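Which chain is which? The protein sequence lines are S and X, in order. Just so you know, the first sequence maps onto residues 1 to 458 in the working numbering. Just so you know, the second sequence maps onto residues 459 to 882 in the working numbering.
By construction, these hints were calculated from the structure, which means they are not laboratory data. Bear in mind that the values here come from a model prediction, so they are computed numbers and not experimental data. Among these hints, one or two may not hold up.
One side only, chain X facing chain S, incomplete, derived with CB under 7 Å [said to hold, decoys possible]:
#1 752
#2 753
#3 783
#4 784
#5 843
#6 844
#7 874
#8 877
#9 879
Cβ atoms here follow ideal geometry from the backbone N, Cα and C, with glycine treated the same way.
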Amino acid sequence: MKKIYILISIISFNIEATNFEPYESTYKPLPYSNTIFKNANIYDGDGNEFLETDIIIQNGKIIAIGKDLPGANTLTRVDATGKWITPGIIDIHSHMGVYPAPSVKTSSDGNEATSPVTAEVWAEHSIWTQDPQFALALKGGVTTFHVLPGSANLIGGRGVTAKNLQRNTINSMKFPDAPHSLKMACGENPKRVYGNRGQTPSTRMGNIAGYRKSWIKAEGYLSRLDEYEAKSDEAKELSYKPTRDLELETLAGVLRGDILVHNHCYRADEMAMMIDVAKEFDYKITAFHHAVEAYKIADLLAENNICAALWADWWGFKHEAYDMVQANVAIVDQARNGTGCAIVHSDDEIGIQHLNVEASKALSAGIKAGFNISKARAMKWITSNPAKAAGIYDQTGSLKVGKNADVVVWSKNPFSVYALAEKVYIDGALAFDKATGFEPNSDFDIGIINPSNKRIEE
Amino acid sequence: MIKYKILIALSFILFNSSYLEAERIVIKNATIYDGIDDSSYNGHILIENGLIKKLSKSSAIQGDRVIDVEGKIVTPGLIAPDTEIGIVEIGALSVTRDDESNIYDVGFSIHSAFNPNSTLIPWNRSNGITSAITLPRNTSSPIGGLGSFFLLDSKMNINSNADMVLIGRLGASGSSSRAETLSLMDDILSFGSSLNKKDIGSDLTIDELIESSSIASYLDLKTRDVKTLFRLFDENLPLIIKSHRASDILNLISLKKKYDLNLIIMGAQEASLVIDDIAKNDVPLIINPINNIPNSFDELASNIKLAQRLEKAGITMMFNVSRDHNYHLIRQGAGVAVANGLSYGSAIKALTSNVAKVFNIENRGSIQVGNYADIVVWEDDPLEPSSMPERVFINGVETDLTTRSTRLRDRYTKDLDKPNTYRN
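Input sequences plus hints: build the corresponding full structure.
Next comes the structure, spelled out in structure tokens:
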């Protein structure tokens, strides 16, 4: 018995040694609030609506959804009559922590704009965990967010998915086992930033050449790595392991399918081109971000199984954002018989607090454009679809038995501007309660205006 | 021959827009938020010659065209008090920006740069904004830059109120102390308040005046700048100062008292810390009600409840947005303010009559007999951003709600069998 145990531990050690993932999550949920929500109206995040239905959450998971569920006496009862329950909102495009508030140079850490390809940097190494924006987003129902590096670079570095449970180290907020992402950027930003310095890229063709050069390097690195890993143990001892290269490790991670590509790209023609680049080097683009012109190539996105993460109606702040249509989200959603993947994202510290209203605007524009889209379906845009794009849909993003109990109780239908999140649960633990004023406050919020008070006094 | 004449007369009537304006339009069965009363009433509106001719709560009104809106909400056209509409087409494209001057520090006017063909005009109109105040970027002077009021009717013959507001700023600069900015502001105002009609009688005397004033010559003021400072005091021109920090707001209130300024503070994220002083001194504020971000060390007290608190203290408020270009989001901000405790009536006023009142925009901003008929019929609740205008009237003329955005939408949802370039 002891022998077997040792054997197992050796095997598991070996597995860890080959797939070693540094900077591991140390996340622990708050104490569970085992609860039965009675008589709630529900959008489950998978496209369904249930009226006057109960939900039970226990030990961090959703354990039952149904009418008139018998709840054990040990459960806290929340009367949700007339209220709405949704999965925790997920923002697939956030810069919280890397562009924290206050917006000052000393903590503006989102763009390593010193070289057009910086695949070696990781957003999580920039995140300021005292950013007061996390708590504000929580009050808007956001339980999970994906932090990306900025868009100055062609390849900007790794993004990270975090639970919105503010702690004072980033590892304790990292979503356990969520894949990393790679931020790439098309168009105006890289060519402006480097073109202004007389460097490459200064044109869109320079942009494309930049990506291709990087992927060629990554292919070479990956084949050296594969070659080494295919060797027998003896052969390994006789040869050298390829020297670690932070930049190429990340890019090889994409080519191996472990790291998900999130590509900032506004124009339709550029998105089509990026799909070709991905085909040339056999990697997958998970989502285009901002994608103001996604509606022009909605079918192409659906065919290639690529999500588009969009604003409802922002436009005109730059040339590549000039062709905005309010039905963009809906057109992407409805492409190829409704197989498109639309996401409403924020990229903004205010927008992240109101993603439900952003989805509401996008829905109403879609209906006006002639599409028959239900609110239950539109709820996917801010829950299950971003969960899929972050690679965490098996754990969160919809209210399904067995999934994490990331739950928001809204004062009224969340497609109204007047709806407020009243209770927010992360992994079955109450993280925000409007009624009692139970909410996180970052260290930044303490004693900064008046020594005895919190920054925000209700 | 007579027939021919009739035909000419007919075609004249059909194609002359003044005839259209003379058309008597009745908006029937409206739920009217008139921009003055906090609550709505059910009624009918008669529009004639571009004006609101009659309002009736009961009896039906006769007209050439009767539009039954079946109980839908009708409000005054929204007035956006802080925009770059008409002078900036694309934010990050400097060749489409006309909001800056490198020469005129105080008297820089953007009025003649206004482009009535800007795509922002139909876009904002289709969101219920019928008129706007367009402001330049801040100049190098703490007080400088003239804004104008424009109707968003897309007419080449611009309907505007030129140079009706002066702007300025006070706060953190990153290079020099805010105390320096405040002193400079005080010096400029002191110079301005010393001017009288005789001084600005001729350009020659203005030149002498500049030479004899240390501050005017230091700032290298031009004739236009001096004339603008004269107007500030002579006409008691509204002066918008962008400022956030509570202590700065108090300093601005002191300046208001010292010079009897027609002061409006914009931003004012820390207003709630000095709310009594603001109320007592009758300073209207332009705030972004959705902005609860402590975005700088001047804005630490940012709070989603600001609008509600201002209402409680009886302070006149108006709304702006933080993202340039997206002025249509003022409605969303107003809705969020209501969700967080602001009364509905106050939110409507902040979007309409308060702006008209504070900036002396006569006969607009409310649905009253005698006012210009700037009127919006909403699909649903105007403070729900998912609800859009169904009809928009400016000066009594129903406007086209087509935008470049709706054209692009239609192009990519209709006639899809044709190549996109051959679609409508």
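Compare the structure with the hints numbered earlier in the document and write down the numbers of the violated ones, lowest to highest. 7, 8, 9
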